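Dock chain F against the given chain E, drawing on the hints supplied.
Taken in order, these protein sequences are the chains called E and F. Under the working numbering, the first sequence has 260 at position 260, and the numbering climbs by one with no breaks. Under the working numbering, the second sequence has 199 at position 199, and the numbering climbs by one with no breaks.
To be clear, the hints were calculated from the coordinates, so they are not data collected in a lab. What you are looking at is a predicted structure, and each value in this text was computed from that prediction instead of being measured. Among the clues, some could well be false.
Identical copies go unnamed one by one, so any copy, or any two together, can satisfy a pair.
[What the hints assert, rightly or not] Using 20 Å as the maximum straight-line C-alpha spacing, the simulated SDA-like pairs for lysine to any residue come out as follows:
1) 291 x 304
2) 311 x 628
3) 457 x 562
4) 291 x 566
5) 368 x 510
6) 366 x 444
7) 35 x 557
8) 457 x 264
9) 339 x 539
10) 240 x 602
11) 670 x 269
12) 293 x 578
13) 291 x 315
14) 653 x 559
15) 479 x 490
16) 457 x 260
Protein chains: 2
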Amino acid sequence: MKKLLSLIVSCALTAAATADEGMWLLTNPPLKAMKAAYGFEPSREWLLHMQRSCVRFETGGSGSLVSADGLVMTNHHVGSDMIGKLSTKERDLLKDGFHARTRAEELRCPDLELRVLQEIEDVTARVNAAASESKNPAEAGVARRRAIADIESESERITGLKSQVVTLYQGGAYHLYRYKSYTDVRLVFAPEQSIAFFGGDTDNFEFPRFNLDCCFFRIYENGKPLQAEHYLRWSDAGAKEDEMIFIFGHPGSTRRSLTTDHLRFVRDVELPARLGFIWRNEMKLAEFAGKSKENARLAMEDRFGYANSRKAFTGQLTGLQDIRTFGHKYDEEAAFRAKAEASGNNPDESYRAIAQAQEAHAAFYKRKFAIERVTRISQLAQIALHVQRLVDELPKPSSERLPEYSDAALASTYLSLYSPEPIHESLEIQRLTSALAYVAESLGGDDPVTVTLLAGKSPADRAAEAVRATLLRDEAVRKSMVEGGAAELQKSNDPMLAIARALDSESRELLTRYQNEVEAPERMHYAKIAAAKFAIHGDSEYPDATFTLRMTYGKVTGLEDEGRNIPAFTTLGGTFSRFDERKGEDGFELPASWMTARGTLNADVPFNFICTADIIGGNSGSPVVNTKGEVVGLVFDGNIHSLTGAFIYDAAKNRAVAVDSRGMIEALRKCYDAKALIEELMRRPDLTK
Amino acid sequence: MKKLLSLIVSCALTAAATADEGMWLLTNPPLKAMKAAYGFEPSREWLLHMQRSCVRFETGGSGSLVSADGLVMTNHHVGSDMIGKLSTKERDLLKDGFHARTRAEELRCPDLELRVLQEIEDVTARVNAAASESKNPAEAGVARRRAIADIESESERITGLKSQVVTLYQGGAYHLYRYKSYTDVRLVFAPEQSIAFFGGDTDNFEFPRFNLDCCFFRIYENGKPLQAEHYLRWSDAGAKEDEMIFIFGHPGSTRRSLTTDHLRFVRDVELPARLGFIWRNEMKLAEFAGKSKENARLAMEDRFGYANSRKAFTGQLTGLQDIRTFGHKYDEEAAFRAKAEASGNNPDESYRAIAQAQEAHAAFYKRKFAIERVTRISQLAQIALHVQRLVDELPKPSSERLPEYSDAALASTYLSLYSPEPIHESLEIQRLTSALAYVAESLGGDDPVTVTLLAGKSPADRAAEAVRATLLRDEAVRKSMVEGGAAELQKSNDPMLAIARALDSESRELLTRYQNEVEAPERMHYAKIAAAKFAIHGDSEYPDATFTLRMTYGKVTGLEDEGRNIPAFTTLGGTFSRFDERKGEDGFELPASWMTARGTLNADVPFNFICTADIIGGNSGSPVVNTKGEVVGLVFDGNIHSLTGAFIYDAAKNRAVAVDSRGMIEALRKCYDAKALIEELMRRPDLTK
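Okay, chain E solo, but in the shape it has when bound (with noise of 0.2 Å):
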């Protein structure tokens, strides 16, 4: 436990000291912490069959894989994504949901990639040695990320698996993580999206909860089911009260170890900028989902995830917005530094170096942030700027291109740049205007990046015209511009390409003013202070998070909330409760097959629950297994306290939501019927193996 109370916030973070916190490297678990704790020791083996038996959605989430035929458990919200991407005007598996009685009916995922970690090895000291004879931090962080490229390839080529290094405590360690990748991927079930996200914007990052956020894909290999040797078995009792739960997932980040200037930095103007962005966005798109049912339709997936992503943030601003927040931030480093002093290790040089590092960041991150989010917004300039970078990448050895573009990293890229996932003219249109008014207003009406974009036009018809006019939306064109190389490309006047050159090189040369003005200066720096971390606390540190797999423990309990004691569990009759109280109110729909199944569903079956495991956004999708590594629960979300989990993690307050096995289980036989699910998810593995 790293948390140094002092007085002044011993009295609202007091049990943090003696709690569940920590989100653990598989290969460095708290052994003793959770032995002293719950009397529970996990072995290596019990470790190596949860690693194996975890998947990560690359799209951003979580899973696990439940059966032996390939079956994987997810959230509905992870899933989202694809079961938008298999609808279509005519059939909206968003709002109807889909259930595949048979193999034949599966769905396949146009551009799905999910991973299972195999192998981990530490390469921290062939990172940094690649490093030594760098003159200053921006040469360092150039020779670090050629090494890193160079281990990956070679990786790649003598394994065959998917190898990603990834960088922990912020520079502090490098590790190789080696994937087995799987992208023919399909879907078996989704329920509604008005029973999976029910409660809607208002209960999200709520508790009490009643949501079926659940949904089940199945891996393919060579055109058949996996044959799964790791995989989950499902519990038939399910979690209890005060009982010891684990949760393994991939927490997408965190920040609990940056310097308290950096987070200031985070409050300051990397929020307030990225808050902005997310109002605006979900203004412009409200407006032009309001203009017709077929453009809400469309609309609906890119306006949850920008309302998801607002209350996250949301929360994490207004948790350092909180003197709390900070004042325990600001006791806890100067406890460490005081104890790093005395021990003659003293980091102030690292702290003002991450400080100025955060000055030089402030002075352009609003201009990268807005040039950047054109290719994130709209699916067509992504493209297009793929492209226009493969041609000018490909050329290169592979550790001197972007890291997108390195060969360890081009299948993927390719996955999603030839999908032929759809493209919806008006949407596209609308997200392109979007991005393109962004820059103005945030560049300026006549700043040359501006004029470049716009060419004379305003940002409704320049974005119109290149939606319209673009061959890009033609897989096979991207192809062969991509394999034509930069002389075919030039002879190009496609209106996309225009625009993906005109942010292209402003966004490089901000890129690369990050990597030497920010990151480099910062990876250097917070290595010196972890060392000095592991030279005070040892071991017993954990990186934060890295959307990369890790142990989470605790146990299913309440919490008292506001003078309000919140249950630990909800039940099945919880759902009809709340849908009578808020009835005909915008989320609190309920789909046809529950209002069927009113009369016969069992109220008592325990529907979702909370529990003190210390999780955040990427998470989503975990299992929650018990000590025998079965399935109780799958966690969907976290309380509202849980968003402050950024920076801080507070056991008296943070808490995990998880829909219950059983409650999953009732679910899918009364409402859905689906006895073939149900007999896969709890078919009992053969022992003898």
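The following block gives chain F in isolation, referenced to the frame of chain E:
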């Protein structure tokens, strides 16, 4: 007409050169142009009758006297602020409408002031003379502000009329306006919001439309209905296609005569900041409203206001981001400057000075904007600031006070400060939390203003504490604090006063900085440019809008837009077609009164219409009259193109949108059985008068 077209933009804008552009002073109507275009020339008496029949809503909007008994017609969305204040949890007048069938049932508004313009006097010479000895623009600004305060106080003392000096042509002229002021105003009739604002945010600023956006108040004087000498007669026939019409009202603000440097500031600094604030607050209020039905009711007015401003500012920014608008402005400016140069009266120095003023403004615009938002958003913070400032300002001579506290302005300030209007705790906490967090986001968490404002708490805790603990919710306390003076006030530890004080000194500093570095040079140099324009164009220039009475004229006519022909009129029957088309969607509900009357309403009666008259926000509630001065309509909106009208008028596209007088009567009869109201509207005046 001031348009000087270049070839580049002549296609798009040729029509404007021969069009009905202009928001004219009633003291300087374009008689020749009107006569030439429509063969009609209003007499002085006709104009004076119009002037004295028109009403200004001090809350921001227009209206007109429409009966001998002081009946005032305006838009529902102009009156909705008051309709909301007259509502309670049990009596939701916004949702359900209101109809006083007898005078006794009319509801007195808590703090509504209406004004009727009586006299106009040109005081340009006196204002400028006061500044003639000044050594620099800032000093001249101070001298002019003092002269204006003196002129207003003197006029008020002598005439007993509310007196206000209006700055025209950005400083080219100063006119003294004298008003009768009425503060006993009662609500007579309001339809349900769903039909007043049918189509919601989606159809706002669009056409075709189907809105009964009207409501009626009555002015009382000495406890009895005002016996109005001037009021408008109702037209039996309504308006025909191509008929000449006039609109008299109070356009709020246009920026048509700004230099291109100044417009660039508006495009790149002002509008992005304003819109960013609006997007943010719309999302904050949506979160609040989602929590309960009562929250949704409380937030309705704020949400409508933000949504309306969002659409208006978005239209403006979209216009300025379109190179055609800006290209036109460049050409217009270049042509004028060439002519001025040729005539030996080159205003280059003034253009440069105005450009410098924009740079100066950009340096502190966002800071000033953020700090001022707190008292704009939070009713109680606004009240606290008034109390604090009154105590500080009242001991000074009137001409040295902040403008709101000059003798001439005090009565209006007191009306709002001592209003018994309800303050809703939950909404007020939401507003103040949002405002405090906005300051933290904009200035940074460690800025001294943020730190003082938050006093060591989170925005939410600080807001809840201040709203719950302040004594300023009681009007009597406000009064006694103001009367107690500085010594008494210093003793108070009211947290809302602490919030006001935390803002006050920097807010004053930034105001002074604005006056000295921006406003004063702008006034001085726009006056010089205006003089150069007068020298070339004579008095055929109209000044930019200033929320004072203007006349605009044109004809009833449709338009061609993106290949569609949009007819001038919609019908009552069209309302139900639109309802059927969008059934069940947000903003497309119809009230029971209309559903019931569906069979009896004459479907062919005109409901809404468009005309070319040149209007902008503030004109809402203006009467549309024919050449006989009879009411044929009620302006409630502009079409989407009219939003660019803040900078440029295009007769081919800009349209004012009005409720047809015939549709209003048919709906009052069939949906509301409002016999007495109809009889009062249709009553003929005694022609012997």
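The hints, checked one at a time:
Both within a single protomer and between protomers do residue 291 and residue 304 lie at most 20 Å apart by alpha-carbon distance, with minima of 18 Å and 18 Å respectively. Taking the shortest alpha-carbon separations for residue 311 and residue 628, neither the intra-copy value of 35 Å nor the inter-copy value of 58 Å comes in at or below 20 Å. For a Cα distance limit of 20 Å, the shortest separation of residue 457 from residue 562 across copies, 16 Å, qualifies, whereas the shortest one inside one copy, 53 Å, does not. When the C-alpha separation of residue 291 and residue 566 is checked against a cutoff of 20 Å, the pair qualifies only between copies, where the shortest distance is 18 Å, while the shortest distance within a copy is 41 Å.
In the homo-oligomer, the alpha carbons of residue 368 and residue 510 lie at most 20 Å apart inside one protomer (6 Å), although the nearest pairing across protomers, at 30 Å, exceeds that limit. In this assembly of identical chains, the alpha carbons of residue 366 and residue 444 lie at most 20 Å apart whether taken from the same copy (12 Å) or from different copies (15 Å). With identical chains, the CA atoms of residue 35 and residue 557 are at most 20 Å apart within one copy only, with a shortest distance of 19 Å there and 82 Å across copies. Taking the shortest Cα distances, residue 457 and residue 264 sit within 20 Å of each other only across copies (17 Å), while inside one copy they are farther apart (39 Å).
For the identical chains of this complex, residue 339 and residue 539 are intra-copy neighbours only, at 16 Å inside a copy versus 79 Å across copies, given an alpha-carbon limit of 20 Å. In this homomeric assembly, residue 240 and residue 602 come within 20 Å of each other (Cα to Cα) only inside a single copy, at 18 Å, whereas the closest approach across copies is 67 Å. Taking the closest pair of Cα atoms, residue 670 and residue 269 never come within 20 Å of each other, the shortest separation being 50 Å inside a single copy and 58 Å across copies. In the homo-oligomer, the alpha carbons of residue 293 and residue 578 lie at most 20 Å apart only across protomers (14 Å), although the nearest pairing inside one protomer, at 27 Å, exceeds that limit.
For the identical chains of this complex, residue 291 and residue 315 are inter-copy neighbours only, at 17 Å across copies versus 31 Å inside a copy, given an alpha-carbon limit of 20 Å. In this homomeric assembly, residue 653 and residue 559 come within 20 Å of each other (Cα to Cα) only inside a single copy, at 7 Å, whereas the closest approach across copies is 60 Å. Within a single copy, residue 479 and residue 490 get their C-alpha atoms as close as 15 Å, which meets the 20 Å cut-off; across copies the closest is 75 Å, which misses it. Proximity of residue 457 to residue 260 under the C-alpha cut-off of 20 Å is restricted to the inter-copy arrangement: shortest distance 18 Å between copies versus 44 Å within a copy.
Comparing the model with each earlier hint shows violations of hints 2 and 11; every other hint is respected.
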